[in-house]
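So the protein sequences, as listed, match chains C and U. Taking the working numbering, the leading residue of the first sequence gets 953, the next gets one more, and so forth. Taking the working numbering, the leading residue of the second sequence gets -17, the next gets one more, and so forth.
Be careful, since some hints might not be right.
[What the hints assert, rightly or not] Calculated lysine to any residue pairs in the SDA-like style (CA-CA distance at most 25 Å, straight line):
no.: 1; chain 1: C; residue 1: 1011; chain 2: C; residue 2: 1040
no.: 2; chain 1: C; residue 1: 1011; chain 2: U; residue 2: -16
no.: 3; chain 1: C; residue 1: 1061; chain 2: U; residue 2: 207
no.: 4; chain 1: U; residue 1: 4; chain 2: U; residue 2: 207
no.: 5; chain 1: C; residue 1: 1009; chain 2: C; residue 2: 995
no.: 6; chain 1: U; residue 1: 4; chain 2: C; residue 2: 1077
no.: 7; chain 1: C; residue 1: 1009; chain 2: U; residue 2: 208
no.: 8; chain 1: U; residue 1: 4; chain 2: C; residue 2: 995
no.: 9; chain 1: C; residue 1: 1009; chain 2: U; residue 2: 207
no.: 10; chain 1: C; residue 1: 1009; chain 2: C; residue 2: 1022
Derived from the structure by calculation, the hints contain no laboratory data.
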Amino acid sequence: MAAVAIGGVWKYYGDYPALRDITFDVEAGSCIALLGRNGAGKTTLLKIIAGLSRAAKGKIQILNGDARTRAVRRRIGLLGHGIGVYEELSARENLEFFARLQEAPDPRKTAAEWLERTGLSISRDTLVREFSRGMRQRLAVGRAFLHDPELLLLDEPFTALDDRAIELLQNLLSAARARGATIIMSTHQLREALELASGVVLINRGSVGYHGPRTAEMLADPGWLYRHYGEA
Amino acid sequence: MRVLNAAWVVARKDLRAELRTKETLNASLSFALVILLLFSFILDPDSQTMRAMSGGLLWLVFMFAGALILNRSFARELPNDCLEALIASPASGAELFLGKCVASFILLLVVEVICLPVFGIFYNVRWTRQTGLLIAVLLLGGWALTVIGTLFSALTVNLRLRELMLPTLIYPFLVPALMAAIQLTNVLIGGDTLERDDYIWFRVLIGFDVIFSLLGLALAESVFVG
Chain C
953 MAAVAIGGVW KYYGDYPALR DITFDVEAGS CIALLGRNGA GKTTLLKIIA
1003 GLSRAAKGKI QILNGDARTR AVRRRIGLLG HGIGVYEELS ARENLEFFAR
1053 LQEAPDPRKT AAEWLERTGL SISRDTLVRE FSRGMRQRLA VGRAFLHDPE
1103 LLLLDEPFTA LDDRAIELLQ NLLSAARARG ATIIMSTHQL REALELASGV
1153 VLINRGSVGY HGPRTAEMLA DPGWLYRHYG EA
Chain U
-17 MRVLNAAWVV ARKDLRAELR TKETLNASLS FALVILLLFS FILDPDSQTM
33 RAMSGGLLWL VFMFAGALIL NRSFARELPN DCLEALIASP ASGAELFLGK
83 CVASFILLLV VEVICLPVFG IFYNVRWTRQ TGLLIAVLLL GGWALTVIGT
133 LFSALTVNLR LRELMLPTLI YPFLVPALMA AIQLTNVLIG GDTLERDDYI
183 WFRVLIGFDV IFSLLGLALA ESVFVG
């Protein structure tokens, strides 16, 4: 069963087609590495899947529904380019706020659990503006995962993370895969992504260059995919 | 109930952040008080003309101070891409819009409550003669400014010149509500009894608030997602 079904999706910025006839399905429980060079359209595609932007043409089904319905959004976790947490609020207030928006049964308990899991319990009442970069990143990871989403959309998740945040994210992604969550992550870090991924989608200038399983060749030589299916 | 709960969660977050920094409140309040002070040097508080235009002056102050509050409404979501996280959450566009409106409205009311006595002192105006009705006008006029301002604040949040664009866009839309609020404030501050004709302005304000609130709620999702 497809967790994400994308059929003939186009997106324009002005006259420029950022996405051209994108078509692929993502099976439930799989982990897809969304690859492509800068400006290929990975972030645009992730935004459309997350319901943050609308496609100009084409059909898109997320978890058998529309990404803008409340029921579907409750099942999506998004970790975008920005960390998506408020500087003027404490770590606890940030997580409680997002837990309330996610309609968690006990937002305080959920926030406390995720502060513990992200190693931020000791700084729970410290304002985010006083956090180090690594602490902010761990808080952002907690924000994206706190409602145990069925579909995780991660945009360059490993970029600029410190060691602790990378370890946390890898553990959470492994746990998410173990419970059957679907993961789509765009990245430039081929080795980390390909180790986690079960499938690969390569985007070349807004079009799908490759869509299929992650193969042994890709794992042995991350540049193989670009040489064989990348833009000329 | 769910809509109100989610809206209150958003509003409470905005108010909590504002109470920590006080940047919007300090800016709008000091701006409003400076305008009131400067105009008090220009206008003779004892003149009949002054009494006739006092409502207009008061509402211009609220409009300018309100624009500063409304500019920050969505701009505070820009650092760290918080707006993306907010739109990706299960809260609907209408809930986010309502929450933002409530937070801005409360901040605007704080400005109004502080400016009114100052206005009374500087301009020698006894504004307490019909307090109940005056409060109703401040609430209705304030909400009119808030709904229009919040909608356009969401539309202009990604523009480089949003501080300039927001007032330019909202003031023309606000003309009917502004006229009604000024007329009613003039009568109430002047100590006159509201005539039958004056109640038309109340109806204009209420109608304006209802229509633009519904319009804002209906359009919010399209405004956020595009």
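Violations among the numbered hints, reported as their numbers in ascending order: 1, 2, 3, 4, 8
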